[in-house]
Amino acid sequence: MKAHDSIVGLVVAILGGAIALYSQSLVPPRHLNYGPGFFPLLIGIGLVLVGGGLIVQGYVTGRDKPLFYRPRWLENRQLVFRFWIIPIAILFYWLAVTPLGFLATATILLAMIQIANGVRWKLAFAVALITALVVNILFASILHVPLSWGVLTPISGLFIW
Amino acid sequence: MVDAGTILAQLADPYLLLVIVASAAYGLAIGSIPGLTALMATALLVPFIIFMAPLPAIASIITASAMAIFAGDIPGALLRMPGTPASAAYTDDAFKLTRQGKSATALGAGLFASAFGGVASATILTLCAPWLARIALSFSSVEYFWLGVLGLSCATFVAGPSLLKGLASLLFGLFLATMGLDPISGMPRFTFGSTNLVGGLGLIPVLIGLFAVSELLRNSYGQDRQMSEKAKPASIVKTVVKLMWPHKIGLLRGSLLGTVVGSLPGAGSDIAAWISYALAKKSSKRGNSDTEEGAVERIMSASAANNASLGGAYIPATVFGIPGDAITAIVISVMFIKGVNPGPTLFLNQPQVIYAIFAIFFLANLLMLPLGIACIRGFGLILRLPTSIISPVILLFCILGAFSVENTLFAVGLVALFGLLGYVMEENEVPLAPAILGLILGPLLEQTFMTTMLKSQGDLLTFFNRPIGGTIGAVTILVWALIIGLKLFASRDAKNDSSLADTAS
Chain D
1 MKAHDSIVGL VVAILGGAIA LYSQSLVPPR HLNYGPGFFP LLIGIGLVLV GGGLIVQGYV
61 TGRDKPLFYR PRWLENRQLV FRFWIIPIAI LFYWLAVTPL GFLATATILL AMIQIANGVR
121 WKLAFAVALI TALVVNILFA SILHVPLSWG VLTPISGLFI W
Chain V
1 MVDAGTILAQ LADPYLLLVI VASAAYGLAI GSIPGLTALM ATALLVPFII FMAPLPAIAS
61 IITASAMAIF AGDIPGALLR MPGTPASAAY TDDAFKLTRQ GKSATALGAG LFASAFGGVA
121 SATILTLCAP WLARIALSFS SVEYFWLGVL GLSCATFVAG PSLLKGLASL LFGLFLATMG
181 LDPISGMPRF TFGSTNLVGG LGLIPVLIGL FAVSELLRNS YGQDRQMSEK AKPASIVKTV
241 VKLMWPHKIG LLRGSLLGTV VGSLPGAGSD IAAWISYALA KKSSKRGNSD TEEGAVERIM
301 SASAANNASL GGAYIPATVF GIPGDAITAI VISVMFIKGV NPGPTLFLNQ PQVIYAIFAI
361 FFLANLLMLP LGIACIRGFG LILRLPTSII SPVILLFCIL GAFSVENTLF AVGLVALFGL
421 LGYVMEENEV PLAPAILGLI LGPLLEQTFM TTMLKSQGDL LTFFNRPIGG TIGAVTILVW
481 ALIIGLKLFA SRDAKNDSSL ADTAS
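Taken in order, these protein sequences are the chains called D and V. Here UniProt numbering is used: the first residue of the first sequence is 1, the next is one more, and so on. Here UniProt numbering is used: the first residue of the second sequence is 1, the next is one more, and so on.
So that you can see chain V by itself, here it is in the shape it has in the complex:
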């Protein structure tokens, strides 16, 4: 265990604190502009943080993403335009409260619940991660292979309504990961004679292209947004503090659920918010009512869950080096570039860094309260910036982001190519997240798979020989069987229903 004094000394660095405050302001600004997600905020941070020391770099991402997730509530509550997908679940409830002149309740409930969820998940992260890391130290290639497969499976299942399209996206991502030198034999693959591809596809240009540029393309033919109502955040603190106690169960449920969902690879904050919202509505009397109290219960549960999922996502990221969502995928890339290699050995070799990261979680979520209130007040200014001027600036940052990480113009070309590809994929309901996770987890999956195959000389039973590995393998296969079975039943039911309807008509 690390001495608390060492961690506090690291946190007292004025430069680190300045980075945290600046990232918080940046995250709030990006998150509150509709269409710009927390992921985009994180991706656009990379060219700046790449030049910082490891701790401020990671602190910057943690703070900006937490703030952006909360800030997405602001345009959601005031304009019925969720700033980030994570806020979409309770936008209607929050907007309804605003129309009744209770925007302070709607936004305050979101803010306090977000901070509560964030702190709760940070506590769970601090308590569980070291314990899990000790177990992870005994893992071999088999366990890592199955963990990778389980993560990718979850990512595919939760990605969208079509399992086949999710799988297509995942396999495409895995294919992209095979470009460059083969990890076992060192032979070049799919490089088409280009030296730019020998090192593989850069993660950041692909990520910026698929998410940020495709979003800009989609927004390009939309209407310019106009502010419709001004915020009336008169007495947020007074209003909400009274509401916290009656909704404690919703808050706790949301925080716990968010942390668990966030820790599953592939399931991000938006899924956590939707599940928590549905659970608040279905399972509690309070959450099911159409009154103001019901709306507050649902907002608090879902808002706590989406911020808690951020902390949850850091559990697989720090313990196994497996990203839980696209934001932690960026964090992992930045950690590798900075020489902080995520995985169980991080807890042995650099415990002071890992605990400082956990401490930053607490700090960022506490900082959310004063800055969030300030942001709600200053919201009008941010939203008045017209998208016709903002979107080209974002595009310039996309280009610079890709260029400054890779230092080649080839990366800029990749941004355009993957931007168009991401747009076409989303238009055809092919989810993007499995492709990104495939690209990130591909090398780990291939290496562990090939190592095990070579070690066992092709004996597939080796994948089930070890107790932990075999169990995770069995769970993975069970999950697959369950999901495919459910899909088949659902389609048979749908067919029966439609044939019944045909006969009736």
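In isolation and in its complexed conformation, chain D is listed as follows:
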């Protein structure tokens, strides 16, 4: 989704304003002239100025442009689904990895995206399971990353060397 330069400028200016305001709540320690809020205040002011510049620039150079431009792929439901499946998959991993464990979560995640991309489900699950297994062994046994086992804890001993 592409927005008009003035909208981008407005977002930047609002962010800058919020940072500048917040930085006012950071009181400097008694013995220091410049406290923890000084540098963020400068950044906030900078963002407000840059945002203002973008609003003016957008107004001067792009008056005839639409405020929001909808790319064509947004009309295709399947493509929209393929796009959103990526953040959804990360969210799924975040929520599921502790109760389900890495192996099960990674298998579901890999299969889910492949099926969304149009891969046949049998092939998708086979590729997902093999990849998840190899990655699990690699990270847990060789690199010693503390991956969660969740419901599969009883069989974890088989895969950790």
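Rather than coming from a laboratory, the hints here were simulated on the basis of the structure. Hints may be right or wrong, so weigh each one.
[As the list claims (entries may be wrong)] Partner residues aside, some chain D positions facing chain V, computed with beta carbon under 8 Å: (1) F39; (2) L41; (3) Y93.
Note that the Cβ used here is the ideal one computed from N, Cα and C, for glycine as well.
Fit chain V to the known structure of chain D by using the hints.
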């Protein structure tokens, strides 16, 4: 100076050599898949190398990034799909040669020029870095502040067509760097009561999100890629060795330019390749012609430049601890985690490590020749892997990469958040590189700025009192004035042109 025997002994370690060869194969594979950049190859390496000793860890990044930059030429030449942005400059030339049945010339020229550029920049790095480090030892907070500002300015100016959007990205990155404990007073800022934010935002999750996940999001609605032509790399060595001598000037120019551009903070291999390509086309008769010879000259100049820029980027990284591009930013983070603190003192305290790093540069670039030829031959196999299967696997590595560095699920959430943010930023032509460099250089900039302000009790003249610091400061301000002046002139010219066109019509 360090004894050459000590360095050779370090390099003879079979484990190190195995890591170098494996990283080379990995870098070639990633670089030759269109859409996956050298930066992504480096970011995805982090979860593996974090468990290695310092030298193999750094060797792995150096080798993989050099190979990935070259490998980007392969799909560029054969499919007109540059594997990495650094190869985009000469893709059309290389593809034209392939269509004439001369893929061996196109790819061989890229390969040999890449190796040459890499070795040349490694030589310059080895000769200049210690000398610069001696000067850097006399630097105070003022000099470091101005160097940081100069680096960030360059990053912003070269990032994209809009200066304001580059600045917005840079300031946003600096803001992200202020999250966590204040370096001077130790007070928490922008943590919103979350303990996960007290230590600041993790660099790797933000980096993986902004670059890798946003790239996956962009590729998600594209078409699946199909191989259109097979490589015909019959006699690369024979063809190219004959071409090296006539194009020596282009090669040398590209290597030197690449090293200089690479050493400027923020200007990466893609910019080096574009400048070198433009220079080969504009300034030499040979490079300006539409013949095969002209194409080879342009490919060699640009290809030498993009690999040379990698070595150049290590000059500010090792000497000042200031990353030249996002790849060296990752290298610096890994060096810190491994207890090898980049900066001038590294040359005093651990010279054997720094010279071993330089030696790895030579080794990696020489190794590029046999492995590159093998990769060109095996290219068909890599490209036949469908993106619908590869992209979920890359996403899993992104998640694991963030998790294994930070060991919290919060990092996984950051990957999703910054992935979407990176996508929205790029869609709106807000460049990502200034934000990343802002996040990396933010703490250094704030600390040196606040220290100087507190020392001088707010006297801004202190920033110009010292000879080196004052000079860098003056240069920085001059660069700003020049760029803003040029932008104003350009916009006035454009306005005049359009009003003239209006009157004419």
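So, going through the hints one by one against the coordinates:
no. : hint : in the structure
1   : F39  : holds (5 Å)
2   : L41  : violated (10 Å)
3   : Y93  : holds (6 Å)
In this structure, the one hint that does not hold is number 2.
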